[in-house]
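Below, each chain spelled out in residue letters.
Protein chains: 2
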Amino acid sequence: MEAERTLQDEEITRLGDLAAQLRADSIRCSTRVGSGHPTSSLSAADLLAVLISRHLRYDWRNPRNPANDHLIFSKGHASPLLYAVFKAVGAISDQELMDTYRRSGSRLQGHPTPALPWVDVATGSLGQGLPVGVGIALAGQYLDQRPFHVWVLCGDSETAEGSIWEALDKAAHYGLRNLTAIVDVNRFGQRGPTELEWDLDTYRRRVEAFGCHPLVVDGHDLAAIDEAFGRAREATGPTVVLARTVKGKGVPEVENKPGWHGKALKEDMAERAVQALGGVRQIRVTGPHPGSFSPPAAPAKEPPALPRYEKGAKVATRNAYGEALRALGARPDVVALDGEVSDSTRADKFAEAYPDRFFEMFIAEQQLVAAAVGLQVRGYRPFVATFAAFLSRAYDFIRMAGISQADIALSGSHAGVEIGPDGPSQMGLEDLAAMRAVQGSTVLYPSDAVSCATLVAQMVDRKGVSYLRTTRGKYPVLYDNGEEFPIGGSKLVREGGDVALIGAGVTVHNCLAAADELAREGIDARVIDLYSVKPLDRQRLRDAVRDTGGRLVVVEDHYPQGGLGAAVLESLADLADSVRVTHLAVRGLPGSGTPTQLMDQAGIGVNAVVIAARALA
Amino acid sequence: MEAERTLQDEEITRLGDLAAQLRADSIRCSTRVGSGHPTSSLSAADLLAVLISRHLRYDWRNPRNPANDHLIFSKGHASPLLYAVFKAVGAISDQELMDTYRRSGSRLQGHPTPALPWVDVATGSLGQGLPVGVGIALAGQYLDQRPFHVWVLCGDSETAEGSIWEALDKAAHYGLRNLTAIVDVNRFGQRGPTELEWDLDTYRRRVEAFGCHPLVVDGHDLAAIDEAFGRAREATGPTVVLARTVKGKGVPEVENKPGWHGKALKEDMAERAVQALGGVRQIRVTGPHPGSFSPPAAPAKEPPALPRYEKGAKVATRNAYGEALRALGARPDVVALDGEVSDSTRADKFAEAYPDRFFEMFIAEQQLVAAAVGLQVRGYRPFVATFAAFLSRAYDFIRMAGISQADIALSGSHAGVEIGPDGPSQMGLEDLAAMRAVQGSTVLYPSDAVSCATLVAQMVDRKGVSYLRTTRGKYPVLYDNGEEFPIGGSKLVREGGDVALIGAGVTVHNCLAAADELAREGIDARVIDLYSVKPLDRQRLRDAVRDTGGRLVVVEDHYPQGGLGAAVLESLADLADSVRVTHLAVRGLPGSGTPTQLMDQAGIGVNAVVIAARALA
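Taken in sequence, the protein lines are chains A and B. Each residue of the first sequence is one higher than the one before, starting from 1 at the first, in this note's numbering. Each residue of the second sequence is one higher than the one before, starting from 1 at the first, in this note's numbering.
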């Protein structure tokens, strides 16, 4: 671990002073507000001092400079250190750091978020920064083809997350020479020692076995750190700097002691510590400038030539997803990813047409979603597909994407009992509830190919996390090519004033068949296609309440909680009129069978809709 | 990879015939129904023939024999092979296999579920069987202290899931000598080659680096397999048999060919294949018997001496969780697990009292939940705790636990904006929606320490997945010790007929303060504590509608979708009376601040409740 001494003594002194400032500021801001993670910041201060002074190529006055390196704090709880860095480079003032950290309304939140222009993504749920970094590095190496580097500071505790290994595996698979993970091995987690403590050798062997190049250093040896970062930048594949550090380094009262995780120092301790570190400094550091480059001109945003479908023809909406996505591929900023099921989700249609903009993530859904988040950091428009059920594997990543206000499009195929014989493990039956509850999300569930293609085309420029639910089986095309399906809208598929049958996706077809049957009995049923589950078309529902005397049947291929029924009810909650909603949903635990058998057994088939409507009307 | 030849030729022939039967039956049943994964079954047939004949100690007539080994198909899509095994051991008939596989109402579903008595847990979402196996092995080695062995058949594709590495890491950390993963390295995934194809050496190095003992074999060499399984059983730590296999092995038309994943053979192909395999066989195999042992007598189920709290004292419900859990520890079947935050969730109170029944899973929430599922397979009552937000990391595992009908208790602490300065990454704000949408789940959200402790005590014998949401901050104890809080019930905390204020958890306190304020204005507000979010107390809500003329304010520290508000609305959906619900929830993206600031900003604080109630009343 002894590095060649390539740095001049003077530079070492300068870096040491900067590190002392980063430490002092980490302590000062957290003690001022009375919370935060100073000790987790202290262990990594030397690493950051060297990085920002000599390796991170970043134009702090222009965080949108596309030539900038990327710096991600995967260990987001070390926000005092990150914000101390922002002060050191002149991005924020000492006053902002001291007066606003963790306060109401501040952009210096407890964990970093893109409320700050130098922060690409929100972190704080451990094990996510590195997988997102993989996505940014993919963009750099394969799409931008520019030499910016992605530096990710990881905690040692978070290497227990499987997602870290998904990330290293994919980094190696794609040979990402522009990615460096810096693991701050300070051997303490929140409540005690980590699993591997200072067993750097095991870390090294794991990293190597996963195809990345480990660089083991003493994380407090400034020259050694400098050399490792230099080698990382020049490496021919992904690198992992494994830095042996001491938690609380620089403050003897807490150094290498358990029980100090996530605790601000008391004021007197903080004063002594800052004093011992040389007092409050206002060093302003200027690291290497990235230069600049002009990204390719913004792509023409002409409406894509969407696939066309014959009314009445039977087409699966998952097919329409693949075909619409292929059409959108005419835009060079559109990229697609899949979790090793592209022949099922139909993302393969895009992959065949645009292999250079398709990323196979294999069966690693967390990395799948994280890569998309990283790609959108670089301005790409990622479309992610897997089975609806398996997006649940990445729910924490989707939640955090919402907090990052990341613009990503997700497609979940094979939703509901409609999938048939594969059984409940493959059925997305909670996805509408889960996706609706993501901050700022859009949730779409088209019933036919035409509406599906039109919605996919709108997802490309949609802000935030948007989710499309597609259906496995083939159902008749209901709409004319060229019809509009605005997000937030709905379709009145059939007029009727006795009762309103409300579905989305496959249940629209059940509602239509039920309306035919009811018509034979003299019951005049309106059918509404709520293809936009979030946002929802309140007006259409209110009209239905008014016109039918408040008689609504909502039918969904989803568990009863939180899905389409809840969306309808939430939207009508404050209505003064009397409304009676019969809510048909999948109430038991389904098994195998044909789609029709399973829908009938679940009580969401045609007959169930007829019975419910009859009882209301 | 050449093994010592320890088997007699006769036995080799017998095993070969059995393997041929398993192959033929995998083909026959999937071709009969026209779907399923025969090729993924064929690659592993030799492994299973040897396992069930010579190593798996299982009393097929008594799947509840506690001395039985455990067999888990982590690659659940190979269900034809699993059911062919069940036929070979006489557990099911050839007729059941042929006539019911993947059919409506059958227990032989597309992917295995515990509808079959020989199946411990549902699989089919890849990367889950092995983590669950870790939980079963933990029970065997640390609690039961019996020599049963856990055998988990994994696919090679699923090793891309980080959860597999969480599992191997924990298997090594806990030195689980009773656990063997068998990886069927057939080099093909669904849509093409796997990442590592037949690079057995990389698999070996990864397994070794993660602390497990790799055994590389030719997965079609019966003697070599036999030797590897023998060594696995005798090993002093966890073992991973890395079996190089050929997808579709035994059927030349599909052997080692892409494009045959998840496809049943056409009838004529199937006929030729079965013929070539020697036709339909009815071999009945008897493997080693496990013997028997008497598990310890069922624990006395006397009500535990729950912690007591003084009315009005300020106590955090997370504290009550820890204290109640410690009290429940008097029952020897209660175990607890935590994701490296036990000092925050207060699971440390149990850990201190019962260190032998506490399992630290570090920051690996998928493995955390999976271990609990495994522990309940062995009859233990696991309580899992982490931050509410971080349970989202394990959502797919919780979803599958619901399908497995696993009895596990989850506690999510630090829910909502109430947590204060840490910011949105640490706030559980979608957990109620996500957890409500889990099949068969129970969702609880107590407002005070007394109700929390009482609910924890009920979770211990609750069927299915139960979820408790706890609060970070301290709030006054509202109830008397000994009061009852049945699951499915609620509390009328304050009478009133003008308007009903409905909360759960922290918002009950806001409702009470609002009711005081409203009383000063002459508005008589009823306050309801909906501590049981699922199942919900419909009658209490209907009474409130009747008594207040349908004026309800629902307040929740959660995003507006799918949470408490949705639960209330779903429960009132079919009511004919006119109901107006004002729904207060966290509608924007929160930041840092104090709990009160953040609740006020989100519009769920006392003042917001007062304004909403005033507008309705």
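Simulated from the structure, these hints should not be mistaken for lab results. Source: prediction; values computed, not measured. Warning: the hint list may mix true and false statements.
[Unchecked claim] Computed footprint of chain A on chain B, listed as stretches where at least three residues anywhere in the stretch have a Cβ under 8 Å from a Cβ of chain A: (1) 176 to 187; (2) 191 to 199; (3) 207 to 216; (4) 405 to 416; (5) 585 to 599.
[As the list claims (entries may be wrong)] Here are some chain A residues the structure puts well away from chain B; computed CB gaps all over 10 Å: (6) V33; (7) D144; (8) R205; (9) H220; (10) E267; (11) E302; (12) A389; (13) D396; (14) V493; (15) Y559; (16) L575; (17) R580; (18) T582.
[To be verified] Facing chain B, from chain A, some residues (calculated, C-beta under 10 Å): (19) I92; (20) D99; (21) Y101; (22) G124; (23) T236; (24) G237; (25) H289; (26) S292; (27) P295; (28) Y395; (29) A576.
The beta-carbon is built from N, C-alpha and C at its ideal position, and this holds for glycine as well.
Against the structure, the hints come out as follows:
no.	hint	verdict
1	176 to 187	violated (count 0)
2	191 to 199	holds (count 3)
3	207 to 216	holds (count 4)
4	405 to 416	violated (count 1)
5	585 to 599	holds (count 7)
6	V33	violated, 7 Å
7	D144	holds, 24 Å
8	R205	violated, 4 Å
9	H220	holds, 24 Å
10	E267	holds, 17 Å
11	E302	holds, 32 Å
12	A389	violated, 7 Å
13	D396	violated, 4 Å
14	V493	holds, 22 Å
15	Y559	violated, 5 Å
16	L575	violated, 7 Å
17	R580	violated, 6 Å
18	T582	violated, 6 Å
19	I92	violated, 15 Å
20	D99	violated, 13 Å
21	Y101	holds, 8 Å
22	G124	holds, 3 Å
23	T236	violated, 18 Å
24	G237	violated, 14 Å
25	H289	violated, 31 Å
26	S292	violated, 32 Å
27	P295	violated, 28 Å
28	Y395	holds, 4 Å
29	A576	holds, 6 Å
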